[in-house]
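> In the order they appear, the protein sequences are chains A and B.
Here the numbering used here is used: position 108 in the first sequence is 108, and no number is missing along the way.
Every position in the second sequence, counted from 1, becomes a number in the numbering used here once 1000 is added.
To be clear, the hints were calculated from the coordinates, so they are not data collected in a lab.
Ideal Cβ placement from N, Cα and C applies to all residues, glycine included.
Check each hint, because a few of them may be wrong.
[To be verified] Mimicking DSSO-like on lysine-lysine, the simulated pairs with C-alpha atoms at most 30 Å apart in a straight line are: (1) B:K1094 x A:K254; (2) A:K3 x B:K1014; (3) B:K1232 x A:K3; (4) A:K3 x B:K1156; (5) B:K1156 x A:K254; (6) B:K1156 x A:K257; (7) B:K1124 x A:K254; (8) A:K257 x B:K1232.
[What the hints assert, rightly or not] According to the in silico footprint, chain A covers these stretches of chain B (three or more CB under 8 Å from chain A): (9) 1067–1075; (10) 1194–1206; (11) 1228–1238.
[To be verified] Heads up, incomplete: computed chain A residues facing chain B, CB under 8 Å, no partners named: (12) I9; (13) I11; (14) M15; (15) R86; (16) G88; (17) Y98; (18) L102.
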Amino acid sequence: MYKVYLEVIRIRFLMMLAYRVNYYSGIIIYSLNIGVYYFLWMAIYGNKGTLQGMTVMQMATYIAVSWMSRAFYFNNLDREIAQEIRDGTVAVQLIRPYHYLLVKAFQGLGEGLFRLFLFSVPGMIVVSFIFPIDLPGVSPVWAKFALSLLLGFIVNVEVNLLTGVLAFFILNNQGLIWAKRVIVDLLSGLTIPIVFYPDWMQKVLEFLPFQAISYLPSTVLVKGLAGSDFVHAILIQAVWCVLLWIPIQLIWLKARKTLIVQGG
Amino acid sequence: MRSIEAHGLTKEFKVYQSRPGLAGAFRDLLNRQYRVIRAVDAIDLTIDQGEIVGYIGENGAGKSTTIKMLTGILEPTAGELKVNGYDPHREREKFVRTIGVVFGQRSQLWWDIAVQESFRLLQKVYRLPDEQYKRHLGRMVEVLEIGDLLDQPVRKLSLGQRMRCELAAALIHQPPLLFLDEPTIGLDVLVKENIRRFLKEINKELGTTILLTTHDISDIEALCSRVVMLDKGRIIYDGSLTKLRLNWGGGRKIHLDFAKNVQLNELEQRTEGLPVKWEQTGQRQYIAHIHHGELAVSEVLSRVVQYVPVQEMRIEEASTEEIVRQIYQEGMTIV
Chain A
1 MYKVYLEVIR IRFLMMLAYR VNYYSGIIIY SLNIGVYYFL WMAIYGNKGT LQGMTVMQMA
61 TYIAVSWMSR AFYFNNLDRE IAQEIRDGTV AVQLIRPYHY LLVKAFQGLG EGLFRLFLFS
121 VPGMIVVSFI FPIDLPGVSP VWAKFALSLL LGFIVNVEVN LLTGVLAFFI LNNQGLIWAK
181 RVIVDLLSGL TIPIVFYPDW MQKVLEFLPF QAISYLPSTV LVKGLAGSDF VHAILIQAVW
241 CVLLWIPIQL IWLKARKTLI VQGG
Chain B
1001 MRSIEAHGLT KEFKVYQSRP GLAGAFRDLL NRQYRVIRAV DAIDLTIDQG EIVGYIGENG
1061 AGKSTTIKML TGILEPTAGE LKVNGYDPHR EREKFVRTIG VVFGQRSQLW WDIAVQESFR
1121 LLQKVYRLPD EQYKRHLGRM VEVLEIGDLL DQPVRKLSLG QRMRCELAAA LIHQPPLLFL
1181 DEPTIGLDVL VKENIRRFLK EINKELGTTI LLTTHDISDI EALCSRVVML DKGRIIYDGS
1241 LTKLRLNWGG GRKIHLDFAK NVQLNELEQR TEGLPVKWEQ TGQRQYIAHI HHGELAVSEV
1301 LSRVVQYVPV QEMRIEEAST EEIVRQIYQE GMTIV
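With the hints as extra help, turn the sequences into a complete structure.
Here it is, written out as structure tokens:
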């Protein structure tokens, strides 16, 4: 069965290659974002060496790492699913002997891996020449980061699937998709690391899945989390991976029952 | 073995209605009114292995909805349904391995990548052994003449090219049952010909059951031995094409070319009492529309020939298309 999913990943690779222009424009957008946030945060730091327990160097590294991670975990599965529901292609997916949402998730993984190897890794090397950042050399921290990043990816995919399948009930969920995108960028710690939020907000965010997407993996790498801190972070992520699957599966089953294939 | 067995199969949709005006829109927010529409109304349908059945009906008659229930996409509201021995909706993943589906209006190939990549993915999806996959695909590529298209992205194919690839994709796992939803819509005659020939071959060699919905009656004439006709969610005819023709296609036309000029009312007088209507198309050319019966044809001819010599004549049977149009216009209650 896993062969199907490998094949799905391969196909997504091919599709990404078919749309190279998107890929090039992506490089420019991400470079700009890293540049903008770097200079913004440098201005905020001014001549202070440390804010909220993060040094200037850690902050710069955090920006680079979190954006490059975003290239990996980010995808438009929600929009794709909504689109397929709207134009009725979902019917074609249902005549195949696989779990539609699982296939979608693996398509996201194919897209993520493509950008990770052809975009994030080379991008990271370029960034490390331009901005003074501090990455660990050959170190087990990378393995921990990889695990945490993968879990972050899964949580993000699940958030996207959830947003996407809601299109079964809200036939035009463009607004929801946009709102979700901004919320994920903001609350996952991408634009503002979570330690910079007021205390009460941090408390709230602890109970939301978003920090598991970006903040936790980036912190694992930048601060080199070890021991119980690391285990704690991974556990939070793992719990969200499981918890989020429940509503997705429930909505999916309900959706299949009430499915109306639009457009004849 | 039975391919399809349905009893009292019914599908209802809730259709939400919006009240007019702004005030209505606000009221809709709180409680929405809906109306239940019965798209498919308690139909019974049994199809045996190896049959080719044409499923016809006007737009909105419930054809597509039936197909979607039979393929497990939609859950029936009521009724019993077994397809290839499975409950299509509940046992979807196991069931869909035993069917192939072609939707004429939407592609099941991956739009942006080469056709052969889609095929390869399907090979993995259906877990087909390499050798069997290659042999079967090679055969289909040959018959459908799609060898040159395999390395092209689907979006660059013409409709006819794409449709042949879709067929190959739907049959890649050699399913015993094939659903075709408007497979020849918008195709030119040569491609239609090719597709029909291919379908016949598949049916003959592999015993594939085929259920076909179409607006193109020539598809039915070329392929189907049996026709199921649907109107407003109910089956109004289920039987052979020949019988349909015999019962409702009794109408024949005799094109007559007389040796000398004849008046319309003279002909009418001569054939009085017979179920015939005359239509003048030229000075000496007439068409006799005969409503039904073999006898009437010879009777009309014998009466006319005695009176005026015939130079040329041609008897024409009503086409299936005309019959179907007639049935839909006049309605039919007998099954």
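> If a hint holds in the structure, say so; if it doesn't, say that too.
Outcome of the hint check:
About 20 Å separates the Cα atoms of B:K1094 and A:K254, which keeps this hinted pair within 30 Å; it holds. Annotation: proposed proximity of A:K3 to B:K1014 is violated, straight-line Cα distance about 40 Å (limit 30 Å). Among the hinted pairs, B:K1232 with A:K3 is inconsistent with the structure: their alpha-carbon atoms are about 45 Å apart, more than 30 Å. Our distance criterion of 30 Å between C-alpha atoms is met by A:K3 and B:K1156, whose separation comes to about 28 Å.
A distance of roughly 37 Å separates the Cα atoms of B:K1156 and A:K254; the hinted pair therefore is violated under the 30 Å criterion. Restraint check for B:K1156 and A:K257: the C-alpha separation of about 36 Å exceeds 30 Å, so the hint is violated. Taking the CA atoms of B:K1124 and A:K254, the gap is near 29 Å; set against the 30 Å cutoff, the hint holds. Straight-line distance between C-alpha atoms of A:K257 and B:K1232 comes to about 23 Å, which keeps the hinted pair within the 30 Å bound.
Taking a C-beta to C-beta cut-off of 8 Å, the stretch 1067–1075 of chain B contributes 6 residues in contact with chain A, enough for the three needed, and the coverage statement holds. Counting residues of the stretch 1194–1206 of chain B whose beta carbon lies closer than 8 Å to any beta carbon of chain A gives 0, which falls below the threshold of three, so the coverage claim is violated. Requiring three or more residues with a Cβ within less than 8 Å of a Cβ of chain A, the coverage given for the stretch 1228–1238 of chain B is violated, as only 0 such residues are present. The restraint placing A:I9 at the interface with chain B is violated, with a minimum CB-CB distance near 11 Å, outside the 8 Å limit.
At about 6 Å, the closest approach between the beta carbon of A:I11 and any beta carbon in chain B falls short of 8 Å, and the interface hint on this residue holds. Because the closest C-beta pair between A:M15 and chain B is about 5 Å apart, less than 8 Å, the hint holds. A distance limit of 8 Å between C-beta atoms decides the matter here; for A:R86 the minimum to chain B is near 12 Å, and the interface restraint is violated. Given the 8 Å rule on beta carbons, the hint for A:G88 holds: about 6 Å separates it from the nearest Cβ of chain B.
The beta carbon of A:Y98 comes within 6 Å of a beta carbon in chain B, closer than 8 Å, and the hint placing it at the interface holds. Here the hint on A:L102 is broken, as its CB sits about 11 Å from the closest CB of chain B, past 8 Å.
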